[in-house]
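Using the sequences and the hints, build the whole thing.
Chains as they are written, first to last, in our numbering: chain A, 1378 to 1738; chain B, 1378 to 1738; chain C, 1378 to 1738; chain D, 1378 to 1738; chain E, 1378 to 1738.
I should point out that these hints are in silico values taken from the structure, not numbers from a laboratory.
One should not assume that every hint holds.
No copy labels: a pair is met if it fits in one copy or bridges any two.
Claimed, not checked - In silico BS3-like cross-links for lysine-lysine, where the CA-CA straight-line distance does not exceed 25 Å:
#, residue 1, residue 2
1, K1545, K1679
2, K1545, K1632
3, K1478, K1459
4, K1478, K1545
5, K1632, K1735
6, K1459, K1545
7, K1545, K1735
8, K1632, K1478
9, K1459, K1547
10, K1679, K1632
Keep in mind the model is a prediction, meaning the values are calculated, not measured.
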Amino acid sequence: MEELFHRRSARIGQAPGNLHHMGPARTAPVRITVIDYNADHLGEREVATIDECTECMSPSSVTWVNIDGVHDPTMLERIGEKLGLHQLLLEDVAHTDQRPKLEDFDDRLYVVMRMLSVSRVEDDDEREEFTVASEQISLVLGPNFVLTFQEDPGDVFEPIRRRLRENKGKIRRMGADYLAYALLDVVVDNYFTVLELFGDQAEELEEEVMERPTVETLRDVQHMKRALIQMRRALWPLRDVLNVMIRGDSKLIRKPTIVFLRDVYDHIIRVVDVMESFREMVGGLIDIYLSNVSNRMNEVMKVLTIMATIFIPLTFIAGIYGMNFENMPELHWSWGYWYVWAMMLTVGAIMLLYFRRKRWL
Amino acid sequence: MEELFHRRSARIGQAPGNLHHMGPARTAPVRITVIDYNADHLGEREVATIDECTECMSPSSVTWVNIDGVHDPTMLERIGEKLGLHQLLLEDVAHTDQRPKLEDFDDRLYVVMRMLSVSRVEDDDEREEFTVASEQISLVLGPNFVLTFQEDPGDVFEPIRRRLRENKGKIRRMGADYLAYALLDVVVDNYFTVLELFGDQAEELEEEVMERPTVETLRDVQHMKRALIQMRRALWPLRDVLNVMIRGDSKLIRKPTIVFLRDVYDHIIRVVDVMESFREMVGGLIDIYLSNVSNRMNEVMKVLTIMATIFIPLTFIAGIYGMNFENMPELHWSWGYWYVWAMMLTVGAIMLLYFRRKRWL
Amino acid sequence: MEELFHRRSARIGQAPGNLHHMGPARTAPVRITVIDYNADHLGEREVATIDECTECMSPSSVTWVNIDGVHDPTMLERIGEKLGLHQLLLEDVAHTDQRPKLEDFDDRLYVVMRMLSVSRVEDDDEREEFTVASEQISLVLGPNFVLTFQEDPGDVFEPIRRRLRENKGKIRRMGADYLAYALLDVVVDNYFTVLELFGDQAEELEEEVMERPTVETLRDVQHMKRALIQMRRALWPLRDVLNVMIRGDSKLIRKPTIVFLRDVYDHIIRVVDVMESFREMVGGLIDIYLSNVSNRMNEVMKVLTIMATIFIPLTFIAGIYGMNFENMPELHWSWGYWYVWAMMLTVGAIMLLYFRRKRWL
Amino acid sequence: MEELFHRRSARIGQAPGNLHHMGPARTAPVRITVIDYNADHLGEREVATIDECTECMSPSSVTWVNIDGVHDPTMLERIGEKLGLHQLLLEDVAHTDQRPKLEDFDDRLYVVMRMLSVSRVEDDDEREEFTVASEQISLVLGPNFVLTFQEDPGDVFEPIRRRLRENKGKIRRMGADYLAYALLDVVVDNYFTVLELFGDQAEELEEEVMERPTVETLRDVQHMKRALIQMRRALWPLRDVLNVMIRGDSKLIRKPTIVFLRDVYDHIIRVVDVMESFREMVGGLIDIYLSNVSNRMNEVMKVLTIMATIFIPLTFIAGIYGMNFENMPELHWSWGYWYVWAMMLTVGAIMLLYFRRKRWL
Amino acid sequence: MEELFHRRSARIGQAPGNLHHMGPARTAPVRITVIDYNADHLGEREVATIDECTECMSPSSVTWVNIDGVHDPTMLERIGEKLGLHQLLLEDVAHTDQRPKLEDFDDRLYVVMRMLSVSRVEDDDEREEFTVASEQISLVLGPNFVLTFQEDPGDVFEPIRRRLRENKGKIRRMGADYLAYALLDVVVDNYFTVLELFGDQAEELEEEVMERPTVETLRDVQHMKRALIQMRRALWPLRDVLNVMIRGDSKLIRKPTIVFLRDVYDHIIRVVDVMESFREMVGGLIDIYLSNVSNRMNEVMKVLTIMATIFIPLTFIAGIYGMNFENMPELHWSWGYWYVWAMMLTVGAIMLLYFRRKRWL
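In structure tokens:
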């Protein structure tokens, strides 16, 4: 399981505004890409520092600055100064174990969300295991720019870039708020992909629980339950984020965009809904598992009982005629041995009939 | 189990307003039927395209346009243009895994709900299984028209058509809002039919759990639980939809109709109530199942224990007198053999009495 | 268990205002009794149709019309016309699977509640079983009349009639709202009687679970749990009904009566409280039951283990000396047989001591 | 367990204002004690009837009238008349199964709460059992008097009397509302004492569950759970009572007293908190109990399996050489017998090693 | 487990304002340290009594008075007089089992919170056990001073002192409210450290549950569950405290500080989130534990069943040919003995194949 939060023991009591990245150490250089567009033109380039981005604050175009990597405090500070970001906003960008939230700094809207990805790894017992990784996406919406911070290169925003380049739909004709919507939308839609994988996994587990349950199966069920809880933590608060955006209190979000944000809100509700269904389903698997174990024990016991119950009386009979008393008349009957065999077969048959009537056979 | 949502991996990041149908592929031609009526006349016909429906916007009559099939993007777009529907409304019509909701576009009310149907199929083990299928019904209420979109032909609206044709009750004298109410009402009433089937199934399962539980029984119980959860997802949000309609904020719904909508609201509450009772009942079945398995194991163990406990000492006695010691006085007694039989019968009888006192027999 | 709702498959899509009774078919003639009173006089008689009730609308006296039987649509329609009742109100009177609710039609208050009765029946296994039956009581409060509809003759209102006849307390001096209060009060107080029976049953079940649990016990526990859930469904919404009445929005309920309604509200809260306690208690019974089954199995296993563990080594020893080797010196010892007995007794004693130390004996 | 409510079947439908005591019959004479005080003087005496209490309504002093016993309807009626109490208030005083509540009769505040006491009794199996008894305390706050009704003599108010007599703190300088606060405070503080006993009992039960669990242990755990639920019912609503008092709507409660009431509120929250912790703890005990039972069964099974598995093959070997075939070469070997012993010891040793590797030994 | 609350039986009914410390007795002398600072200077010293702290009320600097030890009533009273603290505030400082809360005395804000520390002790069975200890921190915020009360010396405030001394960040330039924020922040951040330990422990327990579960494991799981509940009690109410502070009703908290408090609020939400995840995880461990026990029993039963089922028929065959009948032809066959061996090996092989097909081997 991914770490639930970053260890911060060493940082306790530091002054706020600490921009040292929290999370697994990264050394890759930070990449800043700038896309500047309006209905008529589109420019796309990579810059070394934010200061090169001269068009960021220009009111005649929308600028999307995407930063891959939040582990360089100096760069963060520069960006904060250049674009007027609050000290605590920058701190939250750097400390990448935030839960989704929206903070309204009047002329800047700050949205934190998590981009999920699922990978399957083999654990010690050579069983496939299921891991949800999540990356913190920080989105800052200004009057005519959108800033996105990602922990690592590689994202789900490619389709947006394509729509911008190809001038598809009305994205080029709308403002920065519409771009923010499009980015949110694509992150949320990605949750459905993750859920599809969960669904496949859940079905596999169900089959395994029914057919050949082992302790590992139960562990996997528990892991899946945990992954769902973790995912829920990443999604549920996003609902409140959207709720606040829809309410329309911020002047940065224009009325026509709100209808679209309502659509994203609907998607989140649906994702959470499906997730809850999976949780119930996984909970049910544990019940089936336990009852399956009981049933198997029951079957083992039945085999033992049938074998023992049939042969114990027979062995007893054999024991009787193995006694060495001088005076045992049966031993001297010429058909005695065959009589005993007949008796034994009768006893065995009665037992079998008894078990058949009990439906154990 | 029906899919909880449609796979949309391929669509992530597309511009909103995408009208490509999501859901199982369909090829049947789209059917558009138009019923136009007021207190005095009623016309009913099938049209090829929405443009043929000249009376749709006429204020002197109410027009009900029913569209069977939402998999033709061009047609949807035409309808949207003709009747002034928002791009996102059309998208929700086409993406048929919406949860029930109401969207108020001022002069258009958009209601999504699900029409349920239950079918029983045989699964791999030749047991009857229980499946809830649901179809998305989109209802658009305009000033004097009602639009209904269905995924497939075949619906529960026939009684309404009959009432319209036969001019029964006051439906012909009321406006489009009353027609919308009547359609909602018939969809909700249909839920009771589905619940009846659930009730029958639950009783069968209860009997099976009591009389002859198997792992398949438990799986069926779990499936029923899941079907109830799924059904709950289709119903619970409808409550909010009605709640909003009753509140009377929309000018499209007139006061006299609200009383009737309150009645539909009551029905939904009752459906949910009954469903919750079923859930509790099904939950109880799992308890009974598990305890039944334990009881059966208990019985198996008792049989084994009784047999073993009676014969083990007897076999021991037989073993004693099967020893080959030269000097074993009992072997030479002339009644020794019969003494041993007497001893064995005594021991056996004592055991039986013991078990009887323990109430195991 | 009583049906949770009436099957209505055949009615789907009918026009609202359908007054055909839903529920078990009844043929008994409908009885209408009228009690008309004020502080000075009291008249009590039975009428054939509502039209004979000329005093119903008179402002100088309070009239209580009680109708036993709601299965005659014509009569219901006549009453509706005469007393100005809404079409949907009458429909709810006739469809007797309503959940408790209050509907405010300005000059008419409509209250639905359920009158409970408990009966004990013998089931197939000749065990007493516990059934809660409920009858729908519809109460309509007008300016100076109260209408009550019952499904069957026989009710809990007798004490109220007596108080009216004997002019006890201030009931004759108060208005129709006070009469409505008195009727509500007596229905709610009746719930306590039902709960007393539940309490007795729960104690019996607890004893049975402790002393001699069988699968039937568990089924009864589950049935009781279900009956409590069912009862909860009949009671919980009544709380909201009273809550609305207390709020004092309706002009039909005067201020002095509200204090009394608050008292009824308190009673409902208490009934629900007690019911919840029963539910928790019954839930605990299932735990005790399951652990009792485990304990019994444990005991069975111990008996088997003790017997087997003592005799298996002894039988082995006997087996040794039953071997036919030519050269077995012990067989020729003159005290060999007795030595073996001594060895066997020693082994048996050691086993017994071991079990005693393990506290199995 | 204490009765959850009083049987009231015989009373259904009686006029409100019925002052006949409900609850276990009591015959002890009712005691009325009056304490009248202000900053300067304090008078304390016992009166026969409320009419002797001439100072009750005097505005220059605070009067605390305590009545031990609510089973005398005439006396209650007299008190009601003298001090202006509503008929329903008196009814609630007499019917001593109320849940805690506050009723605001403008110039009288009526508070019902429960005084708890715990006793340990021996049950049928000579085990100590744990019982929570509760007594209804009714407190009426008037402009300058406080009335307290108790079911039986003996209470937790002694410290208050002492503080009044010794003029400790500011109680003598404050009004009737402060006295009411002090009385509430002492009742709530008493809950902590009850919780201490619960804590001790819970620890004892935990030890018993770990060391020597029996079915009686489980029953005790269930009883404790139930006692906690019962206690919760007595406490939780008190929270709302205090909440309303703090809100400061009543003119009978002055501002400076509210700070103190907030303190009582805090205490209640804490009591409920601790109680919830106990409930979780007790719930955990059931889990430990059940797993302990499983573990014991496991141990029993292991002993059986080890014994049987070691001796069954050995007995088989002995059986082989007990066969009476004419032609069995081993029987004639001179070291045959010792070879067999060697074989048996080897087989036994292998078995023991196997069990040791399985960690069963 | 730490005591859930302090025993207060002896104190019931005492006048409010009682300043006798509740909790484990302490005798160490009370230490008062004063840090007085503004942007320009910083003074730090230890005083014997609060009266020596002349600068406390000076408006030109912020004064932080830290008191280690609340068991000296006289000193508390002096502090209360000097700094104008309400009697009940002082009582809550002295009674150190408060739950976190905020009380607003207009010109003083009183915040109670708990500082957590975790220690691992060895229990009776020489297993490491996990204990959460908590110390009550009382923080009083005045116009230009902050008072902190701790039960014992030793705290988590050292980093704040360092920041003050080294004039790091803007802490020296801000007011008393910012100091209060910094102290709150450091206490909350400390919770993460505690959670890290919980996480390590949870992982250890999970491994133990999977590999070698014993009853002690289950007890530890239960203890951890309880510790989490206890921790939750210490944290959850703090959320409300912060919520109230953020709302900005108090004039003691200036606007710029509120943004920082919102950050603390976020941290608390996250701590609670992580804690809930741990609770779910620990709950899942109990399921795995129980199923593991079942699985082990299953394995034991299989070994028994396989051994018994193979050898019981073989022993029976040996028993047959151990009988002493005169007329048993097989005994005289010259290859009889070897035929029997062949039969036995065949039966054994069939059994083994059977078990292999059942996947028991």
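Going through the hints against the structure:
1. Proximity of K1545 to K1679 under the C-alpha cut-off of 25 Å is found in neither arrangement, the shortest distances being 69 Å within a copy and 66 Å between copies.
2. With identical chains, the CA atoms of K1545 and K1632 are at most 25 Å apart within one copy only, with a shortest distance of 21 Å there and 44 Å across copies.
3. For a Cα distance limit of 25 Å, the shortest separation of K1478 from K1459 inside one copy, 23 Å, qualifies, whereas the shortest one across copies, 41 Å, does not.
4. Taking the shortest alpha-carbon separations for K1478 and K1545, neither the intra-copy value of 30 Å nor the inter-copy value of 29 Å comes in at or below 25 Å.
5. For a Cα distance limit of 25 Å, the shortest separation of K1632 from K1735 qualifies neither inside one copy, at 73 Å, nor across copies, at 67 Å.
6. For a Cα distance limit of 25 Å, the shortest separation of K1459 from K1545 across copies, 24 Å, qualifies, whereas the shortest one inside one copy, 31 Å, does not.
7. Taking identical chains as interchangeable, the C-alpha atoms of K1545 and K1735 are never at most 25 Å apart, the minima being 72 Å within one chain and 61 Å between chains.
8. Proximity of K1632 and K1478 under a CA criterion of 25 Å is satisfied in both settings, with 21 Å inside one chain copy and 21 Å between copies.
9. For the homomeric pair K1459 and K1547, the shortest alpha-carbon distance between copies (21 Å) is at most 25 Å, but the shortest distance inside one copy (29 Å) is not.
10. With identical chains, the CA atoms of K1679 and K1632 are never at most 25 Å apart, being 71 Å at best within one copy and 70 Å at best between copies.
The structure does not agree with the numbered hints 1, 4, 5, 7, 10 stated previously, though it agrees with the rest.
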